[in-house]
Amino acid sequence: MPLWFARGLRRGVVTTRYPARSDPSAASLPTPPAFRPRQLTVQIVDRMIAECPGTALSRAASTLVFDVGACTACGRCARVAPHAVTPSGEFELAATARSALVKMIPIRGEQR
Amino acid sequence: MKPRPDETATAEELRKRIAAQFGRSLHIRTMDTGSCAVCEQEIRLLAAPHYDLHRLGFFFTPAPRHADLLLVTGPMVRAFEVAARKTYEAMPGPKVVVATGACALGGVYQADPFVHGEVEAVLPVDVWIPGCPPSPLALLQGLGVAVGRLAEKMPGLTFVADGDGDAR
Amino acid sequence: MNPLDLLYGAGGAWLAAALAGLLAGSRRPGLQACCALSAVGGAAAAAGGGWSMVYGNTGLVTPGGGPTIVGGPLQLQATSLAGVFVALLGLVAVAIAWYAPRYHEPGRGTALYLAAYNLALLACLAVLAAGGMVTFLVAWETMSLACYLLILRHPRSDASARGAFWFLALSEIGFLLVVAAFVILSSKTHATALDAMAARAHLVGGGWLAAAYLLALIGFGFKAGLVPLHVWLPEAHPVAPADGSGFLSGVVVKLGVYGIALFAFRLDPVAGAWPGLVTMGAGALTAAIGILYAMGERDIKRFLAYSTIENTGIIVTAFGAAMIFHAYRLPALSAFLLIAGLYHVANHGCYKTLLFLEAGVVEHATGTRDMDRLGGLVHRLPRSAVIAFTGTLGIAALPPLNGFVSEWLIFQGLFQGFRTGSDLYGILIVLAAATLGLTGGLAIYAFVRGFGIPFLGMPRTRQAAAARETGQPLAGPGLLAVACVALAVGAPVMLAALSRTARTVTGVTLGPLLLPGKLTVLPAHADFSAFSPTYLAVFLVAACAVPALIYLAGRPRAASVSVPVWDGGMVSFKPRMQYSAMTFSAPTRVTFDALYRPAVSVTRASDDDPAGRSGPVHYEAQVTPIFERYLYRPVIRAVEWLADGVRPVQSGDVNLYLLYVFAVILLAYLLGAV
Amino acid sequence: MTAVEPRAAGGIRDRLTGALSGLGSLRAEHDGVTTIGIPVEALERATQTAAGIPGVRLADMFAADGEATVLRLVWAYEADEPGYVVTETEIDGDQYPPLSDIAPAAFVEECEIYEQFGTRPADGKPLNRVMLPPHDGAGLPTLGHRPAQPPADVHAPHFVGGQAFEFPFGPVRQAGVESLYYGLVTSGEEVVDLYLFTWHKHRGVEWRLRGKTVREAIFLAERAEGLSAVAVGWALAAAAEAAAGITPPPAAARTRAVALELERLYNHAAATAALGQATGLSVGQAAAEIALERLLRVNAAAFGHRYLFGVIEPGGVSRAPDAEVLRRELPGAYDELRRTADALLSTNSFVDRLEACGILTVEQARRLGLVGPVARATGLATDARLATAGAGAPYAGHSVSVVTAAGGDVFARFQVMLGEAAESARLVTEFLDRGTAAECSLVAPRAGTGLGWAESSRGEVLAWVALDEDGRITRARLRPGSARNWRGFDDACRSQNVFTDIPIIEASFWLTVAGMAR
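Protein chains in written order, with the working numbering: chain A, 1 to 112; chain B, 1 to 168; chain C, 1 to 674; chain D, 1 to 518.
FYI, nobody ran anything at the bench for these hints, they're computed from the structure. Any given hint could turn out to be false.
So, partial list: chain B residues that the calculated Cβ filter (under 8 Å) puts toward chain C [as the list claims (entries may be wrong)]:
#1 Pro64
#2 Arg65
#3 Val82
#4 Ala83
#5 Lys86
#6 Thr87
#7 Glu89
#8 Ala90
Where chain B lies over chain A, by a calculated footprint (3+ residues, C-beta under 8 Å) [claimed, not checked]:
#9 40-46
#10 63-73
#11 76-83
#12 100-109
No farther apart than 30 Å at their CA atoms in a straight line, the calculated lysine-lysine pairs in the DSSO-like style are these [said to hold, decoys possible]:
#13 Lys212(D) - Lys103(A)
#14 Lys103(A) - Lys153(B)
#15 Lys574(C) - Lys125(D)
Glycine included, every Cβ here is placed at the ideal spot set by N, Cα and C.
Build out the structure end to end from the sequences listed, making use of the hints.
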């Protein structure tokens, strides 16, 4: 046991300060995408929806319905349209209402 | 299952009661309803030195009788439904159910003969934690939200990238 | 008018009952009449026994005057020492008489059985009321034979033949030793009346006294079931009918104890402390071995039989210690331990008979005595469960019941071993106390198992699940349960009576050294300890009742939800998933494996299958019956060998037999000539 | 049988393929996989022959439904450039020759095939339940046609006789572990027998994969056993590539290898932490968890995901690792693990619990076809990374030293894990030096079948796919390492152990129920 005691002292504190302070390791976590409505066109959106392995993306008329809860942050939509999608960097996503996790993204891109 | 006083209460006052009762210390029972074992790994890491959820007054308990919060992972396999209900029943009220990870939120599996596809189909969920898997930090935030100790950011988020702020 | 007259009445009633039984045939009224008569006799005996406890010894009477039976006079006497046993005999007889009509189906077998049983009652009474040696021996032999018939209720099954044989063989050996002991005493004292023997005991040389005592100890030890003379109990009890087993354990075994007490305290004042030490040692050993073997049994009746052995051991330990104290001029302690031992006789007679009767109820309801095939009976036989639980509390020596009172008294007596002043004996007595302590602990463990496995949990078989309360006998066991409670709460009364007995036997007046106040009990010395069974009982009942009342009072206000037991979310809970009798006692098997020598055998379907298909699993840990294997089997082999040796003599040829006759006559003449 | 020395050049491979093709017809041979058609009447002899050759093991067995049910046995030969032989047998009717008595490893697969396709071994021997829940298994869809009657349920009425009783444990067990049911038969102290139920977690992954594109399939396959996401994904991708007849660019293949070794590292760290927990050594557990968390953060920094999800793509990889980050962070993180392990190995209270606990003999390992550290701890030098043709290409030219140990107890497994962790750390740097890239070669839709494999931290992962013309999956077979090794678990628990050894044994196996139940 003294061995372990010494080890512990040498190791020091590794515990995160979260939630009091932000945690640097969060920077490298995969996060759900954020969209640029100006860059979104119906075609792009449909390609994204086809690419999405889960059920996160769907389209209602000219609105991209984004279910953050269903999103696995796999980044495939971003690879379809890198210019229209960027990682949101948000990892504090807990919600107390399922509906709060469903986001309406307007599709603003002009049809070509 | 037959409704309990704490289930019939609205989520809001339930959260108030929980904040009042579990504000400082809360015991967590985890339940795997068909996850891929990664969510479990992240949950185990909550107790590891890097995250150490005990400092926040959270504790894991193997006995649902002592548990205040049920942390559910996985798409709720139908064959597991009996066990899931039993576990929920075995917890004393007031109790919080937290659906954890994309599977539990219906992101990976659709409802079919094998799985319900999401926890909500069987248990009354109070808090949803997205992510595949939700990182320990996300879990900490979710737990904080569940006991009303942290403000939830979700309603405020638009997932519209900056530079397009005029998206409203 | 004296107690003896009541005993005549009892004897007459039982004789009549026996005849009624013979005549009853397969008619239920006959059966009931027989039991009624036997109950009357029991009541009379109980009254007479109780009376003679406090009355003292009556004079010796010889009805019919001169030599009536086998060359000896019929001599009767009601003594205080016997009174305890007579009272117990009566009580047990009443309980069984109340129980039997509902337990037995009317029929010839039953009728004969009841005849034999009532004859056995009569014989037991005669043993206890015998004032002379011849009477005693004749009665004793009659009792053995009657019990043999009683065990042979179902002569077809060879298990019962085996059990009955063990019983008869061992009691005959014992009988011979007892005869030898009596012969020594009577030949040295030129007396056949017990009083006379006791009076002239000083004429006998120390060596002869010791020899007589040891012979008696061993001889009666066979009946009492002292280890290693105990093997007949676990064989005979299971095969006898439930009430028969109750009678065997409750009374017949106690007669062995009576015999030991008779020699130790009345006839045979051996000088020195070592006979007491031998007795005490035998008792302690018996107690420990008995309970350890009980842990290894799953047949309820075998289990109870071993527990009987344990209790005999406790009683004999007390008697032995009493002898030691007597040798060390501590008459008060000696008398105190005699009282404690006799108290335990009464207690064990009550609860052990009760438990055997309940075992019979369980067997009737489920068709098995195997604990691992029972379970959950508390929901199916609630009333019997309550009665059995009372008896279990008693025999596990838990307050507030009677077993606790007598064992407490015995411990208090033994703990005062230091008063002997002899380091060796002081230590040995306390050692015996420690052994009894171990025994007591194991007894609680054993009876948690003995009650919990059959009565609690889920039924392990369909038969157990199908058990119903359909007119099973309650009154008999119920009476004994009441007696158990009475012997606990009414301890002061019992002790007062027993102190009178002790005064008659030992001539010591304990009085205030035992009962200073009304309800407090002292262990023969005011400076040691004290307790009050009555207050304790009241306090414990209150201690249970008060919280219950508070809970009931507080109940409506506390909002509560009742949900099923947490089972880890299993789909369904199976009976095979509960502790079984043998797994419950696994720790003792592991701890005492030097004694048990368990032979473990595991068979898995997966072992002989290359693919490791999982399937049935069977696990057995067979306990080695040491005494049968290493003590009795060699003896039996020797006997068989001798038999083979003499077989040629029995050729069946008439001429050869004529030759024998001729040779004998010739020999007689020659001897006459010399 | 007399062992003809297996080290002879091309010995085993030629003997195996020769013997089998002698009984049937050689159908295809490329990239280390030989496909041989065996007629059903010759199947029994073929199995006997193959099982008789030392160094050959039955790696998998599965069925696929076409016009006739096709039974496929995958034989792995370990010696001289290892590879695989797949035998194909059309079964007419619903019975085939009993194989599990010849090659016992086939038993669990026999059960699965019966549940999924309704075809069973000809001998009437009882089959256990694997996926079908006893209480409501009726409604579940199957890959083939449903069995006539549900599997003769050997487990559930698992009769316990004599002086033992069944100690039920689970499916909801202690906090933070997967759902698993133990039927623990005990005499009060020692473990007499043990059996497992895993159907609580059966999500029908193989059933879902049908009709999916390979990309969608990989997304699900990663989540079949998340703790070996890379290995399973790689195996499936490689199978699809073999079916489509393409090979991923070398740099991409090396990237896969980097991810795979990183996965092995963090899994062995996690197993170490679990061992610390099981032995009640909390400080050791905490130290190991520090190493684990650091390794996971390295993963996230290098590949953008703590558990390396989404790295594997059909035809290549989606991302390249951040080489600087790996070179900078990995040595420190691995060092953390190594120093923790050293400290653990010098702690008697820890080592004493491991030694002679949960022993598996090499015979058991061979008989049950165990793989990975569990098998290597018994002395079997089996490692899918040695098969460097086809799917294993990136390992060609990197000599992977297979770490084995004798004894087969928990301690041996632990040492094997530590040795492998060192090896993985070395390999990662080697691969980085050779260069990695996020490349994908295009997978042109084309009908075909293929076998893929990868060595996960739990042992060999096998995947087999059949694609139709437009590149969609008609049948996919996933066989993670867990699916093999769980069957060794109950044997290990039985060998004179007591209750408290079971968590230690489970930690040393470090399997997932998800991989078993899929």
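Hint-by-hint comparison with the structure:
For the restraint placing Pro64(B) at the interface with chain C, the shortest Cβ-Cβ distance is roughly 6 Å, inside the 8 Å limit, so the hint holds. Here the hint on Arg65(B) is kept, as its CB sits about 6 Å from the closest CB of chain C, short of 8 Å. Taking 8 Å as the C-beta cut-off, the interface hint given for Val82(B) holds, the closest approach to chain C being about 6 Å. For Ala83(B), the interface hint holds, the least distance from its beta-carbon to any beta-carbon of chain C being 3 Å, beneath 8 Å.
Taking 8 Å as the C-beta contact cut-off toward chain C, the hint placing Lys86(B) at the interface holds, the least distance being around 5 Å. For the restraint placing Thr87(B) at the interface with chain C, the shortest Cβ-Cβ distance is roughly 5 Å, inside the 8 Å limit, so the hint holds. Because the beta carbon of Glu89(B) sits about 5 Å from the nearest beta carbon in chain C, less than 8 Å, this interface hint is met. Residue-level restraint check for Ala90(B) holds (minimum Cβ-Cβ distance to chain C is 4 Å; threshold 8 Å).
With a threshold of 8 Å between beta carbons, the proposed coverage of the segment 40-46 of chain A by chain B is violated, since 0 of its residues qualify and at least three are required. Figure legend: the segment 63-73 of chain A, annotated as covered by chain B; annotation consistent (8 residues with Cβ-Cβ distances under 8 Å, at least 3 required). Coverage of the segment 76-83 of chain A by chain B is violated in this model, with 0 residues showing a Cβ closer than 8 Å to a Cβ of that chain against a need of three. A count of 6 residues in the segment 100-109 of chain A with a Cβ less than 8 Å from any Cβ of chain B is obtained; the coverage claim is therefore met, three being the minimum.
Note on Lys212(D) and Lys103(A): the hinted pairing holds, with a Cα-Cα distance of about 28 Å set against a maximum of 30 Å. Between the alpha carbons of Lys103(A) and Lys153(B) the distance comes to roughly 13 Å, so the proposed pair stays at or under 30 Å and holds. For the hint linking Lys574(C) to Lys125(D), the alpha-carbon distance of about 25 Å falls within 30 Å, and the restraint holds.
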